[in-house]
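Peer 1: Throw the hints in and build the complete structure from the sequences for me.
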Amino acid sequence: MLHKKEAVIFDMDGSLVDSMWVWKDIDIEYLGKFGLDIPDDLQMAIEGKSFTETAEYFKERFFLEDSIEDIMADWNEMAWHKYRTRVMLKPGAKELLDYCRAHGIKLGIATSNSRQIVDMVLQERGVTEYFSCIMTGCEAKKGKPAPDIYLLTAQQLSVSPESCLVFEDIVPGIQAGKSAGMEVCAVDDDYSAYQSQEKRDRADYYIRDFRDIPEVKEMLQVRRQ
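4 is the number of the first residue of the sequence shown in my numbering; add one for each residue after it.
These aren't lab readings, by the way, just hints derived from the structure by calculation. Note that the Cβ used here is the ideal one computed from N, Cα and C, for glycine as well. Take every hint as true, because none was put in to throw you off.
Taking lysine-lysine pairs in the DSS-like style, the calculated list, with each CA pair at most 25 Å apart, reads:
1. K181 - K8
2. K144 - K62
3. K85 - K62
Cβ-Cβ distance ranges computed for the label pairs, FRET-style:
4. D69 - Q224: 50 to 58 Å
5. H6 - D69: 43 to 51 Å
6. R89 - P217: 29 to 37 Å
7. H6 - D40: 46 to 54 Å
Peer 2: Structure below.
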């Protein structure tokens, strides 16, 4: 899947890092402050939305008096400690980053998360320097499944969409990458297990984690010797 690729672009949550559980916890805690329970359809309703779009959705659906900016600030504060101390790279991710850097493949991130959280978690995991471009959904006109964020990332990396490989864990993200004209590898994640077959059907590739990639397997074998 890496053959002839000029760039690899990662979605962050659920793809590069194991973090989707954070937001379910935050939704429970945040809505609980208003005496509200999480609706069964909430996750499906907000999948792929940018951080700003999600705050707008919450404000409208749950009739919140707080401003969009205050809602996002609350979420950032609630997520900060969890991301800093408990959110880790997915297995094999560091080796894939090393492989791409060693072979001149540019690296970017296209995420629906906030810029503050992205910058912090990459710094905490020691991988900030690998990425030439970090793009958030708030910087795109439309969130996933629209292709905007992936097209913007490719533009910032100075590569054609056709030469990019995307790693995504949810169906709207896979749709966004494909709509941008890129190849997409679906990443298994417990949080989107119910989408497993649809992810396989829509993506060009499917992996349990990055250790399934032959180049990563080889690097891990060498490091064990």
